[in-house]
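Q: Single-letter residue listing:
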Amino acid sequence: MSQAVLQAKLWYAQRISAMVLGLCVSIHLIIIFYAIRGGLSAEEILGRTQGNIAFAIFYEIFVLACFVHAPIGLANILEETFCKGFISKALSWILAALIIVLGTTAVIGVFTGGAL
Amino acid sequence: MSNQDLKVKVWRGAQEGEFIEYLVPRNSNQTVLDVVTYIQRKLDPTLSYRFACRVGMCGSCAMTVNGVARWTCRTHVSQIVEGDSLEIAPLNNLPVIKDLATDMREFFNKWKGAVGFFKGDKTRHDDFAKVEPESAERQLANAGIECIGCGVCYSSCEVVEKRPNYLGPAALNRAWTLTNDVRDVQQLDRLRAVAGDEGCHACHTQGSCTERCPKKLEPTASIAGLKKLVARAAVRGSKWGKL
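As you go down the protein sequences, you meet chains V and X in turn. Everything in the first sequence is counted per numbering that gives the first Met the number 0, starting at 0 for the first residue and increasing by one. Everything in the second sequence is counted per numbering that gives the first Met the number 0, starting at 0 for the first residue and increasing by one.
The shape of chain V in the complex, shown without the other chains:
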């Protein structure tokens, strides 16, 4: 695959993931407003999220959209600000790995209530 075609595909992936993120962030904000009605405590949050498969699926989609979107953006910023090459690619992949691992761990954590 040529560099230009790769760039076009990455742009497409970032655009689609941005659309997903837009939706996810809106729902996330609505959930926050709903969740803090009667104060906010860990028990309250876990009480709602534990065993709730719809919640887990929604937030995993959120994590996946971040996993696609943020590293492409970071790579672009690094390449435009500094230079192209190994470091920008490596940092993007590290960010991607952190988002998917930490994000999924958090989703599993609130779904199981820390039982795993």
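Errors might be hidden in some of the hints.
Stated by the list, open to error - Below are the DSBU-like pairs computed for lysine-lysine, each with C-alpha atoms no more than 35 Å apart in a straight line:
(1) LYS215(X) / LYS118(X)
(2) LYS83(V) / LYS238(X)
(3) LYS227(X) / LYS215(X)
(4) LYS88(V) / LYS238(X)
(5) LYS8(V) / LYS215(X)
(6) LYS118(X) / LYS241(X)
(7) LYS241(X) / LYS8(V)
(8) LYS118(X) / LYS8(V)
(9) LYS88(V) / LYS111(X)
(10) LYS214(X) / LYS97(X)
(11) LYS214(X) / LYS238(X)
(12) LYS129(X) / LYS214(X)
(13) LYS227(X) / LYS161(X)
(14) LYS111(X) / LYS97(X)
(15) LYS111(X) / LYS214(X)
(16) LYS88(V) / LYS241(X)
(17) LYS83(V) / LYS111(X)
(18) LYS6(X) / LYS161(X)
(19) LYS241(X) / LYS83(V)
(20) LYS227(X) / LYS83(V)
(21) LYS111(X) / LYS8(V)
(22) LYS88(V) / LYS161(X)
(23) LYS227(X) / LYS88(V)
(24) LYS118(X) / LYS238(X)
(25) LYS8(V) / LYS227(X)
(26) LYS6(X) / LYS215(X)
Bear in mind the hints are in silico, worked out from the structure with no lab data behind them. Here the structure is a predicted model, which is why all the values come from computation and not from measurement.
Use these hints to put chain X onto chain V, whose structure you have.
A: Quick look at chain X alone, frame taken from chain V:
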């Protein structure tokens, strides 16, 4: 100096140089090009600048006036003067040959680089191509077709400033009008040429080109059209094939 004089600072030199101040009589309906012409004809015949038609058709006379790229033949002094001062410099993002004249080769070579030229497959013996004026393609091409190649958008583009290899708004706008020309036969080559980080995907959509285009075209919209077209061609293929 009379009260009616303009203080005009003009760039003299090439890449290295300095602003020299001239006093130019103020007239009603005076354009910036009139001011530059006055300086060259009455005050300093060594001043170099470029112009041709004087009526906003040829795109030769663009300069940076008070920090903003403009077509000088259609810019009235009264619209932009700050107090009684004008500062006139060559266009940004292009090498300066001398004074206010820039080297436009790089600018036009990028049009070629974006396959910004027409190639058909008909000969003079074939009938005329019939393009419906109301067809979607023709309408999209119409929106960007009136470019006069003045370089104002190129000079105003922050991405060109940062990434000298970027094709720039004018070349990409031309490429977009040609992707909507149903007679053209080099569409895939064009999509390959404008893809990637030296092409349409480098655009940050800041919109300076659209803001400053003297013909009120919207290169930002043309580039957005190219981004979608190229990305779809790379992922799903296009009516001309896959990238």
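Q: Hints first: check each against the structure and report whether it holds.
A: Quick rundown of the hints versus the structure:
no.	hint	result
1	LYS215(X) / LYS118(X)	holds (27 Å)
2	LYS83(V) / LYS238(X)	holds (33 Å)
3	LYS227(X) / LYS215(X)	holds (22 Å)
4	LYS88(V) / LYS238(X)	holds (33 Å)
5	LYS8(V) / LYS215(X)	holds (31 Å)
6	LYS118(X) / LYS241(X)	holds (20 Å)
7	LYS241(X) / LYS8(V)	holds (12 Å)
8	LYS118(X) / LYS8(V)	holds (28 Å)
9	LYS88(V) / LYS111(X)	holds (31 Å)
10	LYS214(X) / LYS97(X)	holds (27 Å)
11	LYS214(X) / LYS238(X)	holds (31 Å)
12	LYS129(X) / LYS214(X)	holds (27 Å)
13	LYS227(X) / LYS161(X)	holds (23 Å)
14	LYS111(X) / LYS97(X)	holds (25 Å)
15	LYS111(X) / LYS214(X)	holds (22 Å)
16	LYS88(V) / LYS241(X)	holds (26 Å)
17	LYS83(V) / LYS111(X)	holds (26 Å)
18	LYS6(X) / LYS161(X)	holds (32 Å)
19	LYS241(X) / LYS83(V)	holds (27 Å)
20	LYS227(X) / LYS83(V)	holds (24 Å)
21	LYS111(X) / LYS8(V)	holds (24 Å)
22	LYS88(V) / LYS161(X)	holds (20 Å)
23	LYS227(X) / LYS88(V)	holds (24 Å)
24	LYS118(X) / LYS238(X)	holds (18 Å)
25	LYS8(V) / LYS227(X)	holds (10 Å)
26	LYS6(X) / LYS215(X)	holds (30 Å)
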